[in-house]
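*Asks:* One-letter residues, chain by chain:
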Amino acid sequence: MSSAGARAPVVAPPAVKGSAGDLFWPLLAMVLVAAAATALGLWRSWWWALLAAEFTLLVFAAEAFERRLPFKLQRAYQSALAWVFPILALAAWEWLARSAILNPRWFPPPTQIAGALWDLTVNVDRFSGLSLLGRPWLLPSRIAESGWAGVAATFAESHLWATLSRVLIGFAIGAAPGVLIGIVMGLNKTVRAMLDATMSAVYVLPKIAVFPLLMLVFADPFGEGPKVTVVAISAFFLVALSTMAGVQGIDPVLVQAGRNFGANRLQMFRHVILPGALPIVFNGLRLALGTALIVIVAVEFVRSQTGVGFLVYYHWQVLSTPKMYAALLVIMALGVGLTVLLQWLEKRVMPWRT
Amino acid sequence: MNVKVVARGARKVYPSLAGDVPAIVDFDVEIREGEFVCLVGPSGCGKSTFLRILAGLDSLSGGEAFIVPGPDPSRPLNNVVFQEYAVFPWKTVRDNVAFGLQMRGVNARERSRVAEGWLSKVGLKRFADYYPAQVSGGMKQRVSIARALANDPQVLLMDEPLGALDAQTRAVLQEELLRLWEETHKTVLYVTHSIEEAVLLGDRVVLMTAHPGTKKAEFEIDLPRPRDLSTTQSQRFAQLTGAIWAELREEVERAMEAQA
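Protein chains in written order, with numbering that gives the first Met the number 0: chain L, 0 to 353; chain Z, 0 to 259.
These are calculated hints, taken from the structure and not from any lab test. Cβ atoms here follow ideal geometry from the backbone N, Cα and C, with glycine treated the same way. One or more hints might be untrue.
What the hints assert, rightly or not - Computed cross-link-like contacts, SDA-like style, restricted to lysine to any residue with a CA-CA straight-line distance of at most 20 Å: (1) Lys346(L) - Arg253(Z); (2) Lys214(Z) - Glu252(Z); (3) Lys185(Z) - Pro88(Z); (4) Lys120(Z) - Glu175(Z); (5) Lys120(Z) - Asp57(Z); (6) Lys188(L) - Arg258(L); (7) Lys215(Z) - Glu175(Z); (8) Lys346(L) - Ala132(Z); (9) Lys346(L) - Arg285(L); (10) Lys346(L) - Gln133(Z); (11) Lys188(L) - Val254(L); (12) Lys124(Z) - Trp351(L); (13) Lys215(Z) - Ser193(Z); (14) Lys346(L) - Tyr130(Z); (15) Lys188(L) - Asp57(Z); (16) Lys185(Z) - Asp71(Z); (17) Lys346(L) - Leu228(Z); (18) Lys120(Z) - Leu172(Z); (19) Lys214(Z) - Glu63(Z); (20) Lys215(Z) - Arg248(Z); (21) Lys185(Z) - Ile66(Z); (22) Lys188(L) - Glu29(Z); (23) Lys214(Z) - Arg31(Z); (24) Lys214(Z) - Val5(Z).
As the list claims (entries may be wrong) - Partial pick of chain Z residues on the chain L-facing surface, computed with a CB cut under 7 Å: (25) Leu56; (26) Pro68; (27) Val79; (28) Phe81; (29) Ala85; (30) Trp89; (31) Phe98; (32) Gly99; (33) Met102; (34) Tyr130.
Construct all of the structure, not just a fragment, from the sequences and the given hints.
*Replies:* Written as structure tokens, this is what we have:
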């Protein structure tokens, strides 16, 4: 009786609360490992193992710290980690490069890369007459001087714009007909039978491989024509095939509902087929954007005097690694920016997807 | 009363490599204007196929099956309430309900007014601006029912509309259907595999044989209207469901043997 009574109230298990030691010991171990390695001169050959050990200890310490935080701060802490850790990693890189544990010739310290980025932005390259962004702060004086030509001069001076315009124009030229053909292939069995196998075969061809052919086809092999076209081709096949998949994937009962409620062909397209295929079309667009960036950078390596791909390659030729890194950073930023743009568009176009 | 739906010697065969497979053979049925007819049969007996043929979503292989057009040509002949809801995920609840009117070129203000009228009748006025993904299965089927009623078809075709819902939601929606029918007195063909649902809702129950489907028996449901869920407690209800089950049982067994 008494034992049953004692068991009845449900007691919450004691909250797991870290003791001070949870946080203290990993931090102490980190310091000790670093000090011992320095004293014994182990960093040079064992830096990778030491970094792994330090990282593991850091994870222990970070988790111990989280346990001591009040519950409502824990989410904020998780997002703070996403910012703080890269900064720590950069600091570690800086230190490793400055103390020549990492060879600064190949892995220049981040501050030097930032300096290179600044250099590329504010200075015009002596040979090409170009800068990274085209020095947009000169825009007011250029417009005052020569009006619209001043705006054009700013764009023409920018490596970033050279790449961005190739990607955007090529993407538009390739994706628009890709969506159209994809819809026709999705709707019409005959067209699908005729094109699907061929398109899938061409799809696996790395599009960069047709670039030499395009240089022959276009009157000016060094001009924008072949560059924009190779981006367009790479976007076209991906978008066409994923649009086809999107149209075929529409729930047939929705098509039947459209018919039963009297939709004509145009209404069917506008109200059922297009919105039904959109999610997968956007999937294709996202993939195509990634491919377009790969292709344009490769093209700029081999046949361009402008663009961020050229920047990487050019600074390899003159062995200026900080500027190579700076150019890589710009390419990353370009990719992130375009992806964010696409996501924004996706939310605008498909508000029903929460 | 006028005959609204007619099927005479209706046949449906599906071609296959092993030869033609009959789905419906020599099926006769008549539905009068304003009558609520339930089509009941074991699974695979072709009852949904017959509904789809009437809806124009499938073709007939022989015989005839048609809806007799009414005097007002602007009213659509039929609209379907599908088992899988079939509401458009990319349209709000309001736009889904207004869909048929939009396809017929009714202006935005008028169709919005009609849609909201039907939404308040099915208790969804508050959810007019929601997307289907944001509402429950029972609500989606209410949207689907409201979409069909808002289009004011001459015949309402319902293909196991409550089949995908849980038992409690189904009971609630059955009462709602009874109430809506009292208001509209539409001509309805209602396909279901539930005898209880058929007896509760219908004026007449048409029983189909197992595959290939044809008419096995017909039952007049003389339960007084208006009905509600308490109707299922009456003795007459039990008699009718018992009588129908006695006929249906051997068909279900045949259907199970055929599938084994």
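*Asks:* Next, verify each hint and record whether it holds.
*Replies:* Against the structure, the hints:
The straight-line distance between the Cα atoms of Lys346(L) and Arg253(Z) is roughly 52 Å, outside the 20 Å bound, and the hint therefore fails. For the hint linking Lys214(Z) to Glu252(Z), the alpha-carbon distance of about 17 Å falls within 20 Å, and the restraint holds. Pair hint Lys185(Z) plus Pro88(Z) does not hold up; C-alpha atoms about 28 Å apart against a cutoff of 20 Å. For the suggested pair Lys120(Z) and Glu175(Z), the alpha carbons sit about 9 Å apart, so the restraint of at most 20 Å is met.
Of the pairs offered as hints, the one joining Lys120(Z) and Asp57(Z) is violated, with about 32 Å between alpha carbons and a cut-off of 20 Å exceeded. The hinted pair formed by Lys188(L) and Arg258(L) meets the criterion: a straight-line CA distance of about 19 Å does not exceed 20 Å. Under the criterion of a C-alpha separation no larger than 20 Å, the hint pairing Lys215(Z) with Glu175(Z) is inconsistent with the structure, at around 30 Å. Of the supplied pair hints, the one linking Lys346(L) and Ala132(Z) holds, its CA atoms being roughly 15 Å apart against a limit of 20 Å.
The straight-line distance between the Cα atoms of Lys346(L) and Arg285(L) is roughly 13 Å, inside the 20 Å bound, and the hint therefore holds. As the CA atoms of Lys346(L) and Gln133(Z) are separated by approximately 16 Å, the hinted pair is consistent with the 20 Å bound. Under the criterion of a C-alpha separation no larger than 20 Å, the hint pairing Lys188(L) with Val254(L) is consistent with the structure, at around 16 Å. This hinted pair checks out: Lys124(Z) and Trp351(L) have alpha carbons roughly 19 Å apart, not beyond 20 Å.
Restraint check for Lys215(Z) and Ser193(Z): the C-alpha separation of about 16 Å stays at or below 20 Å, so the hint holds. A threshold of 20 Å between alpha carbons decides the hint, and for Lys346(L) with Tyr130(Z) the separation of about 14 Å falls inside it, so the pair holds. At roughly 19 Å between alpha-carbon atoms, Lys188(L) and Asp57(Z) fall within 20 Å of each other, so this suggested pair holds. Between the alpha carbons of Lys185(Z) and Asp71(Z) the distance comes to roughly 15 Å, so the proposed pair stays at or under 20 Å and holds.
Restraint check for Lys346(L) and Leu228(Z): the C-alpha separation of about 45 Å exceeds 20 Å, so the hint is violated. The suggested pairing of Lys120(Z) with Leu172(Z) holds, with an alpha-carbon distance near 12 Å, which does not exceed 20 Å. With a C-alpha separation of about 15 Å, the suggested pair Lys214(Z) and Glu63(Z) falls inside the 20 Å cut-off, and the hint holds. Using a Cα cut-off of 20 Å, the hinted pair Lys215(Z) and Arg248(Z) holds, with the two alpha carbons roughly 12 Å apart.
Of the supplied pair hints, the one linking Lys185(Z) and Ile66(Z) holds, its CA atoms being roughly 14 Å apart against a limit of 20 Å. Pair hint Lys188(L) plus Glu29(Z) does not hold up; C-alpha atoms about 38 Å apart against a cutoff of 20 Å. Annotation: proposed proximity of Lys214(Z) to Arg31(Z) holds, straight-line Cα distance about 17 Å (limit 20 Å). For a cut-off of 20 Å, the pair hint linking Lys214(Z) to Val5(Z) stands: about 14 Å separates their Cα positions.
Taking 7 Å as the C-beta cut-off, the interface hint given for Leu56(Z) holds, the closest approach to chain L being about 5 Å. Checking Pro68(Z) against chain L by beta carbon gives a least distance of about 15 Å; that is not within 7 Å, so the hint is violated. The beta carbon of Val79(Z) comes within 5 Å of a beta carbon in chain L, closer than 7 Å, and the hint placing it at the interface holds. Satisfaction of the interface hint for Phe81(Z) is found here, the shortest Cβ-Cβ separation to chain L being roughly 6 Å, below the 7 Å cut-off.
For Ala85(Z), the interface hint holds, since its Cβ comes within 7 Å of a Cβ in chain L; the closest pair sits about 4 Å apart. With its C-beta approaching chain L no nearer than about 4 Å, Trp89(Z) sits inside the 7 Å limit, and its interface hint holds. Because the closest C-beta pair between Phe98(Z) and chain L is about 5 Å apart, less than 7 Å, the hint holds. Below 7 Å, beta-carbon pairs count as interface contacts, and Gly99(Z) has one with chain L at about 4 Å; its hint therefore holds.
Using the Cβ-Cβ criterion of 7 Å, the hint placing Met102(Z) at the interface with chain L is satisfied: the shortest such distance is roughly 4 Å. Given the 7 Å rule on beta carbons, the hint for Tyr130(Z) holds: about 4 Å separates it from the nearest Cβ of chain L.
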